[in-house]
Structures are given as structure tokens and as C-alpha cells.
Amino acid sequence: MTSPAQPLRLSISSNPSHLPVVRAAVEKVCEILGFDCDTVGNVVLGVDEALANIIKHAYHGRQDQPIEIELAPLHDADGSIELLIRMRDHGLEVDPSSIKGRDLDDIRPGGLGVHIMKHCMDRLEYRPAEGGGTILTMAKRFPTVRKEIGR
Amino acid sequence: MTSPAQPLRLSISSNPSHLPVVRAAVEKVCEILGFDCDTVGNVVLGVDEALANIIKHAYHGRQDQPIEIELAPLHDADGSIELLIRMRDHGLEVDPSSIKGRDLDDIRPGGLGVHIMKHCMDRLEYRPAEGGGTILTMAKRFPTVRKEIGR
Amino acid sequence: MSHNPAPAISQVRRFGDVAVVDVQGDIDLSRSVEFQQTLLRILDEKPSRMVINLEAVPYMDSSGVASLVKVLSRARRANTLLVLASLSPRVKNLLEITRLDSVFKISANEQDALA
Amino acid sequence: MSHNPAPAISQVRRFGDVAVVDVQGDIDLSRSVEFQQTLLRILDEKPSRMVINLEAVPYMDSSGVASLVKVLSRARRANTLLVLASLSPRVKNLLEITRLDSVFKISANEQDALA
Ligand SMILES: Nc1ncnc2c1ncn2[C@@H]1O[C@H](COP(=O)(O)OP(=O)(O)O)[C@@H](O)[C@H]1O
Ligand SMILES: Nc1ncnc2c1ncn2[C@@H]1O[C@H](COP(=O)(O)OP(=O)(O)O)[C@@H](O)[C@H]1O
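Chains as they are written, first to last, in the working numbering: chain V, -7 to 143; chain B, -7 to 143; chain P, 63 to 177; chain G, 63 to 177.
In case anyone wonders, no lab produced these hints; they're calculated from the structure.
All C-beta atoms in this analysis are idealised placements derived from N, C-alpha and C, irrespective of residue type, glycine included.
Do not rely on the hints blindly, as some may be mistaken.
Straight-line alpha carbon distances no greater than 30 Å define the calculated DSBU-like cross-link-like pairs of lysine-lysine that follow [as the list claims (entries may be wrong)]:
(1) K167(P) x K154(P)
(2) K154(P) x K92(B)
(3) K110(V) x K154(G)
(4) K108(P) x K132(P)
(5) K92(B) x K167(P)
(6) K48(B) x K132(P)
Listing some non-contacts, in silico: residues in chain G with all C-beta distances to chain V over 10 Å [to be verified]:
(7) I71
(8) V82
(9) D88
(10) D90
(11) L105
(12) R111
(13) D123
(14) S169
(15) A170
Here chain G is said to cover these stretches of chain V; the calculated rule only asks that three of the stretch's residues, wherever they fall, bring their Cβ under 8 Å from a Cβ of chain G [claimed, not checked]:
(16) 68 to 75
(17) 105 to 116
(18) 125 to 133
Using the sequences and the hints given, assemble the complete structure.
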């Protein structure tokens, strides 16, 4: 009964009030794919931090700018699944090398988002989009653990 | 602190496994707008039934066809909110007058979706889309009941 | 999302010739076919009573209700008493909207359904 | 969705010069500013101890953590003991990821936080 992977797309504006909606959708996608509870939490957190950074840095807090999010589960031959998450903004283009987490020992508000994203996801890649803006690709892989016995 | 209404869009394929994701997103939107629990449940149900009908009837069960969903909250001057939900498919064009609920006294499986949608939503309108397919517009209005006292 | 959905029936418990069926998760178009098939298979064993415990079903849509109606008509022919137990608020609401709350035998909890 | 978000602080309970603050709902970029402002206002009253009860906060992101760090540094200057209580699994995970679990005083529940 396994059907092929089909992506799902969300288009939001850069308004922080949309973040809970995206989190709810991402959480449900992860649940359906059979991710364990901790992994679901980390994927949700990673996506939220990435969107918050787009709102704050790519759009400087403007709330009416477009962000597109694609969620694409990839089923591998070995039975594992990778969830690929792509986010596209039309904001300030950024030098990917400038995006890095700060030293955690320096305790101050802020500067934690990139560190969290790296911790939560397996892969993270920023690249300039054709026509302006940035495409951020994040991926989370995990083995299929769906039990055969009814749960 | 009220910001202007901003729509949110979801693009899915006509695969029933996407329905739980849409429900989670719609539920969160309704919650953020401050809808009471029963109203949230009815909006979620109305949207789910509409999508199920698109999958079954407009696309005859094909699972790889596109469906776009737009959720747009409209804030009225009197403080009430209307959530406008627009769904667009690219499937079989349908004569809106042919879509009607059946007599509930005739107890048999099936034939309940349209009845449920009408019960759950305030407005329901099917019209042919430019370029083929159908646009279904559903609306749910409700007074703002957000308490001033912290909840 | 296109992954094997989790099975709708998580457990069948038997007390003599009574079958209590535990259902888990939302029952919608992605799971109602499997839901119905499993229920019909349990009916094939001709229990005197089949209790469908819906406590862990937060949500159901018309496809789930259609499955239940199908199972009910088969149960009647097999002389099995079908009881729905422990409905969540949204499932209860769905049965009311479709006026099937007067067609099904519904119990507030499993004890009542077994009484 | 651009509606007034519900206030982050649902209640402040006072026991002598101790303030217990009940927080409600996810604390993310849409609510962290208001969250921080309200906490700083409560600190202005110079309680000897401020317990932030996070039991009803299923989720927090780095903007919420940033607010807490800001409040902590202000609390230290004001000689207020700041205690976080009843962290949900995801909030606990967030503090661990950011290694702030060793910076904040954290109690498993409110009783411990008041002891
Ligand atoms: N989407 C983005 N576009 C442009 N710059 C970004 C983006 N995300 C992060 N950055 C840069 O990386 C830095 C570190 O980000 P982060 O760790 O999230 O901390 P903070 O957002 O609190 O500054 C930011 O200050 C910003 O300069
Ligand atoms: N999106 C749609 N496109 C085409 N026909 C539709 C659509 N939705 C409903 N219909 C028609 O309306 C009828 C009633 O729908 P409904 O009440 O949901 O019951 P059911 O789907 O079980 O037949 C359907 O049988 C179908 O003929």
C-alpha cells in the first residue's frame, strides 16, 4: 500500500502569526511518516527557526512578504525515509558563509537560531534563487520504524 | 496590535494521505482566530468533506492531481471575523446544481458529504474556474469573543 | 504524505462471543477502507455483540460513517448487536449532523456497551 | 493569521514577595516580545523570587529563549531569584540544545521551585 512520495506546499506571508500553522502542518507530516516523537519535535523546531530567520533577516521584519515551503518525503530503497524541506524567500540575498551559529558560551539573548537548526536537521544548505531571494534546503533522514504489530 | 488579514495557501495533491495535514493547518488557523471549539471542529469537517469530494468526484480517485486551498480571514469593522476558504481543482467540471445532499432518512453508506458541508459552513459556492476545473468557496463567520481578561 | 497509514484497529479483545474492537486515530478517506474491511472480517466470526470503542478516535468524516453504516447493515443480517462506545465530541457531532445517532446503538462507555 | 494573539501570561500569583507566573501556549516569534515585556514588568515589582511556570507551554523557540535570557540578566541585577518550573519535553529539549539548562535554575514542578 506504499504510495509514491508526493510533496505538499505551503505559501505564507512573512507574518509571525503564520508560524503556528506551519508548525502544525509539519508536525502532522512527520507523524504520518512515522517519525518518533523527539524527531518530530526537532523537525518542527528546525523549520520554525528557519522561518523566523527569513522573517527577521531576509525581510527585516516586514510581515507581508512571500515565503514558500515545500515538504517532500523521499522513500529510499532501503526502507528509510528522508523528509526534504525547501523554503524560498524573495528577500535580501545572503552570503551563505555569513550564516553561522555563535559560541554558546557567550550567554546573551539571540544568536541561537542557526545553532538550533544545525542540531535539529541532518542537512542545511542556503543558495541564491533564480530571480532573487534565497532557497534554503533542509533534510531529515530516519529509518522506518513502523511496527508490523498493530499499535 | 491587530494586524491586517493575510491569506495562507496550501497546495496538495489529491492523495487522501494529505487530508490530515490540511486539517491540522485549518484547525490551527481557526484556533488563532479565536473560534470556539465546536466551530473549529465544524470548519475542519467542512474542509475535509469538500476535499474528499474533489478527490472522489472531480478526480475520480486519482491521487496525483493538484488541489489548491486558500485560507483568508476577513476582519469586519464590527469586530467579527469571517474565514474564507477557497479550493481550486483542475478536474472534471461540474454542474453546481447537480451537487446536492441526499435525504437523510434514506439510510445507506455514502451521500452525506454535501449535507455535512452545508451544515458546517455558512456559505458554499461552486463555480467553474478559468482554464478548467472548479473553484469552491466556503465561508464561516463568527463574532469575536476573545476575552480581555487573560485566559 | 503517502506512507502506509497506521492500522485503524489497534486491538480486538474477546469476552466469550463478544468482540470489543479498539480503534485508533482519525478515520478519514485515507483509512476508512481498511477500517471497514477489518470490521467486516471481525463480523465474519459472528460474535453475538460487537462493541466498537471509539475513545481514541478524535476525528471521523463521512467516509468513516459510511463504513460504519455498511458494517451495521451486515451486523443486522448476521444477528450481531453492534454498539458504538466512548465517542469523542467530534465523532458525536458527526453522528448528530447526519442524524445517525438515532440509527446506531451508542453507549457512553465500554462498561455500558457490555451490559 | 494576524489576529491579536492571546496573552502569554495567563495569571500571576503572589505568595508574600514571591511571584509565580503562569504562561500559556506556544512562545514563538509571534508572542515572545509580549512575553518578555510582561515578565519585565513583573520584575519591576522586585519580588525576591520569580517562578515561571511553563507547564502549559508545549513549545518554545529561540525567540522565547532569548526573552528568558533577557529576563534572567535583569533578575540577577535586581537580586530576584529566577526559577523555571514544569518544563514540557520540547521546552526542556530546547534548553538542552542551547546549553542554557545549566544557566537557568530549573525545577521539576512548582512545589520544588517554591522550596
Ligand atoms: N535567512 C537569513 N537571511 C539572511 N541572514 C541570515 C538568515 N538567517 C540567519 N542569518 C544571519 O545569521 C545570523 C545568526 O542567526 P541566528 O543564529 O538565528 O541568530 P539571530 O537571528 O538571533 O541573530 C543572523 O544574525 C543573520 O545575520
Ligand atoms: N467536487 C465535486 N465534483 C463533482 N461532483 C461532486 C463534487 N462533490 C460532490 N459531487 C456530486 O454530489 C454528490 C453528493 O456528494 P456527497 O453528498 O458528498 O456524497 P458522496 O460523495 O458519498 O456521493 C456526489 O455523488 C457527486 O455526484
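Just double-check I71(G) for me: nearest Cβ-Cβ distance to chain V has to come out over 10 Å. 18 Å, holds
Pair hint outcome, K92(B) versus K167(P) [Cα-Cα no greater than 30 Å]: Holds. K92(B) to K167(P) sits at ~28 Å (cutoff 30 Å).
Tell me if the straight-line CA distance from K110(V) to K154(G) falls inside 30 Å. Between K110(V) and K154(G) the Cα gap is close to 18 Å, so the pair holds against 30 Å.
Pairwise hint evaluation, K154(P) against K167(P), where the allowed Cα distance is 30 Å at most: 12 Å, holds
Residue count check for the region 125 to 133 of chain V against chain G: does it reach three with CB-CB under 8 Å? Violated, because only 0 residues of the region 125 to 133 of chain V bring their Cβ atoms closer than 8 Å to Cβ atoms of chain G.
Does V82(G) clear chain V by more than 10 Å, comparing its Cβ with all Cβ atoms of that chain? 23 Å, holds
Against chain V, does S169(G) keep a CB gap of more than 10 Å to every residue? Holds, since 20 Å exceeds 10 Å.
Find the nearest Cβ of chain V to the Cβ of D123(G) and say whether that gap is larger than 10 Å. Non-interface label fails for D123(G): nearest chain V Cβ at 5 Å, not farther than 10 Å.
Closer than 8 Å Cβ to Cβ for three or more residues is the test here. Does the region 68 to 75 of chain V pass it with chain G? violated (count 0)
Would the hint linking K154(P) and K92(B) be met if the CA-CA limit is 30 Å? 23 Å, holds
Beyond 10 Å from every chain V Cβ - status for D88(G): 6 Å, violated
Coverage of the region 105 to 116 of chain V by chain G, judged on three or more residues with CB within 8 Å: Contact hint for the region 105 to 116 of chain V vs chain G: holds, 5 residues under 8 Å.
Comparing the model with each earlier hint shows violations of hints 9, 10, 13, 16, 18; every other hint is respected.
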